[in-house]
Amino acid sequence: MGRHQRSFTLSLEVDPIEDGASWAEWEALGVQLARDLPGRTLENVAEQYQERLLERVCGRR
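Letter by letter, the sequence shown follows residues 0 to 60 of numbering that gives the first Met the number 0.
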């Protein structure tokens, strides 16, 4: 990775989908993820970088 690139880990919890799920159920999951994922991602990234910034400025707890 380049000097200015950063990575983060994101995990999602979704309701289980049955093995015989219909296309409609999979499409509904896709719609839900498209709606929820950007906010979750931003929240996760902000939390990780805030913690790193505090450690750099204040040191470890």
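Accuracy of the hints is not assured; some may be wrong.
Said to hold, decoys possible - Label pairs and their in silico Cβ distance ranges:
id : residue 1 : residue 2 : range
1  : ASP14     : VAL44     : 33 to 41 Å
2  : ILE16     : GLN47     : 26 to 34 Å
3  : TRP22     : GLU54     : 45 to 53 Å
4  : TRP25     : ARG60     : 39 to 47 Å
5  : ARG59     : ASP18     : 21 to 29 Å
Read the hints as simulated data drawn from the structure, not as lab findings.
Quick reminder that beta carbons are idealized off the backbone N, C-alpha and C, glycines included.
Comparing the hints with the structure gives:
{"no.": "1", "hint": "ASP14 with VAL44: 33 to 41 Å", "result": "24 Å, violated"}
{"no.": "2", "hint": "ILE16 with GLN47: 26 to 34 Å", "result": "29 Å, holds"}
{"no.": "3", "hint": "TRP22 with GLU54: 45 to 53 Å", "result": "46 Å, holds"}
{"no.": "4", "hint": "TRP25 with ARG60: 39 to 47 Å", "result": "43 Å, holds"}
{"no.": "5", "hint": "ARG59 with ASP18: 21 to 29 Å", "result": "46 Å, violated"}
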